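Protein chains in written order, with our numbering: chain U, 1 to 391; chain C, 1 to 391.
If you are wondering where the hints come from, they were derived from the structure by calculation, not from laboratory data.
Predicted, not measured: the structure shown is a model, and the values here were computed from it.
Any given hint could turn out to be false.
Note that the list lumps identical chains together, so a pair holds whenever it fits in one copy or between two copies.
Here are the simulated DSS-like pairs of lysine-lysine, each with C-alpha atoms no more than 25 Å apart in a straight line [as the list claims (entries may be wrong)]:
(1) K69 / K84
(2) K272 / K134
(3) K134 / K69
(4) K137 / K84
(5) K134 / K84
(6) K272 / K69
(7) K134 / K157
(8) K69 / K157
(9) K84 / K272
(10) K157 / K272
(11) K137 / K157
(12) K157 / K84
(13) K272 / K137
Number of protein chains: 2
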Amino acid sequence: MSGETPERGFPEREFENRLERAQFAMAEAGFNALLLTSEPEVRYFSGFLTQFWQSPTRPWFLVVPAQGKPIAVIPEIGAALMRKTWLDDIRTWASPHPTDDGVTLLREALREVAGEGVIGTPMGRESHLRMPLKDFKRLTDALGRERFRDASPMIRKLRMVKSEAEITKITHICAIASSTFEAGAELFREGQPLSDAFRAFKTKCLEFGADDVPYLVGGAGLGGYDDVISPPSDAPLARGDVLMLDTGAVFDGYFCDFDRNYAIGEADDAAKRAHDILFLAVEAGIAAARPGATCSDLYNAMRGVIAEAGGADGDVGRLGHGLGMQLTEWPSLTDFDETVLEPGMVLTLEPATRTVGSRIMVHEENIVVRDDGAELLTRRTPRELPMLTAP
Amino acid sequence: MSGETPERGFPEREFENRLERAQFAMAEAGFNALLLTSEPEVRYFSGFLTQFWQSPTRPWFLVVPAQGKPIAVIPEIGAALMRKTWLDDIRTWASPHPTDDGVTLLREALREVAGEGVIGTPMGRESHLRMPLKDFKRLTDALGRERFRDASPMIRKLRMVKSEAEITKITHICAIASSTFEAGAELFREGQPLSDAFRAFKTKCLEFGADDVPYLVGGAGLGGYDDVISPPSDAPLARGDVLMLDTGAVFDGYFCDFDRNYAIGEADDAAKRAHDILFLAVEAGIAAARPGATCSDLYNAMRGVIAEAGGADGDVGRLGHGLGMQLTEWPSLTDFDETVLEPGMVLTLEPATRTVGSRIMVHEENIVVRDDGAELLTRRTPRELPMLTAP
């Protein structure tokens, strides 16, 4: 149903490639080391995959030198799992620590690999420092604040283009979620509390092979919904409602991110028309997603279809984004993002339109940019708004 | 099976109480405003609950003034959901923004409520700044870096003591996960890939009423497992394995965090003995968890049982921790945490011991501290290591 399950993890060659590209970019940027603190950054260079990041207690550090493999500076609790990765140099401390939660160990590792040189760490758009500010201050005070520079542009550039092995994982989770959405007629029904519909979706998605469904939002209402980020209420689905579920399910650490709309029993013309407009907007996005086009080109292609059809702006801030180890990644499909598309970029196309009053409808698919244009990773939503009728 | 489902959300009085306690603490600390950026901090004062935080793209801000309700400074995409909370003052911008992702709006809100005064923001242990470092620098450069002080101690103090409404939610999710673990005999079996056992657990937990199972780690092996943070392998459960699952399931934004061990078909003496030691260590923890005792008292009570029985230290860094809106919260059950227990604190008791070679076993229960001692929130694991035999 969702094809062969791809092998978990990556061959060592994948990490060697990532590191090689990173060290090339570091040389260009004049960085003697990278300091990484967040889950996707650490995982990208090490393969370290665990839900233990749910716990905010302990900081985790990865130091990428200008030459040679990354050095892990991590709490002892993660040592056994980190030893299973391709890394050799794993330095640990007993965390939590009363006075020094890895800062001295990290400082020494940075001194060792960067000397008096420049240390890149992500500071820009969509990045977060995942260590206490006070500890970061201790570190930068000790090493020299001016030596720390923003590594966001280079990390963004590296991670935006996915390897075939990464694309295989995203393809797999897209197929699993597509199958789950296609089972909508057996999962969702009039009178069912929205929260039960969500639960049914998650359970089916796990059954079909998802590791997790960390993101499931949506809504239901006559002619659309009020927003696209709400948890489900317990209100029952009513005849005429448009039901939307938007999921970020995960396989082996890689996300899908797309939605489906359904009409419960019947749909009014506004909802049907909005679905039509959104379908066509995604078609335009697919057609525009070729190497050399920019994100703003994609935005304008989709926005143009909506405007031409007289659809009102849905105003969710952008019409799609990058996708991979995180539910949303750079770039953004906005009128100001001039990122040039390259083969291997994985994107969501996510047009939205206002329907009645403040209500909106959103539709989303996932694609990968190939040499000759977009390849769909999701199985396309039906042309007509799917209708769920009682059996 | 897990009792009545508690009402979702909180009455407005809950947030008034939190705010009142916070503003009292702010006055004591000399803070004219608080700046909060992370999911639990924003939710604690607003009730804003969404999985949209999975997306790292947009920053979200909450400003707590010395008097009056908090001010939300958030991306437009969250406005509809934030308007459903008890907040009145919701300021939004179209995010992502090409040059100013909320920084100017936030700066003005802080100027308005703090004047030239002190701004507290979490900078200490277990805290993270959830906005790009460069944007934080712009903000602090504009307002004066020296005006930003660490608010971690006061936030920690507020959030460590749970309200009855919070305890009700944690109790509910503990009951759901307890029921799921008690169904272990139908969920887990010899020959089953560990990944399937995980999937079966999650599905059952959702069926029993969990909103989500964002944390499920564990392992299986002869006489124990190598670590406690790994995702599942596809290796089949073998006769004699000790299987452990440790879950952080969620109801209405509140976590449980505990584990269960099972023997697959048979168990060796080392595993039985370790289970026995850990059971007794938790008993000692329960007995010691009285108002006025310190976290190090709890640590020593549990550590003492393990040492007395000749059990080897499991070395996961601590023997339990706080629990609530996050999988792990302050305090830590370590020999250096002198936090004094108060009624309303929710804790995990999590002793670990080494069994054979590098293998360990861990056992965990959840309690709330009451006036007269600990109240168990989880249904206690059986005294003897549970044995799963083929039906």
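Cross-check of the supplied hints:
With identical chains, the CA atoms of K69 and K84 are at most 25 Å apart within one copy only, with a shortest distance of 15 Å there and 49 Å across copies. Taking the shortest alpha-carbon separations for K272 and K134, neither the intra-copy value of 54 Å nor the inter-copy value of 44 Å comes in at or below 25 Å. Taking CA atoms no more than 25 Å apart as the test, K134 paired with K69 passes in neither setting, with 28 Å inside one copy and 28 Å between copies. Taking CA atoms no more than 25 Å apart as the test, K137 paired with K84 passes in neither setting, with 32 Å inside one copy and 38 Å between copies.
In this assembly of identical chains, K134 and K84 lie within 25 Å of each other by CA distance neither inside one copy nor across copies; the values are 31 Å within and 35 Å between. In this assembly of identical chains, the alpha carbons of K272 and K69 never lie at most 25 Å apart, being 54 Å within a copy and 42 Å across copies at closest. In this assembly of identical chains, K134 and K157 lie within 25 Å of each other by CA distance solely across copies; the values are 18 Å between and 29 Å within a copy. Within a single copy, K69 and K157 get their C-alpha atoms as close as 20 Å, which meets the 25 Å cut-off; across copies the closest is 41 Å, which misses it.
Proximity of K84 and K272 under a CA criterion of 25 Å is satisfied in neither setting, with 52 Å inside one chain copy and 28 Å between copies. When the C-alpha separation of K157 and K272 is checked against a cutoff of 25 Å, the pair qualifies neither within a copy, at 39 Å, nor between copies, at 52 Å. Taking CA atoms no more than 25 Å apart as the test, K137 paired with K157 passes between copies only; the shortest distance there is 23 Å, against 27 Å inside one copy. Proximity of K157 to K84 under the C-alpha cut-off of 25 Å is found in neither arrangement, the shortest distances being 28 Å within a copy and 38 Å between copies.
For a Cα distance limit of 25 Å, the shortest separation of K272 from K137 qualifies neither inside one copy, at 55 Å, nor across copies, at 47 Å.
The structure is inconsistent with the numbered hints 2, 3, 4, 5, 6, 9, 10, 12 and 13, although it conforms to all the rest.
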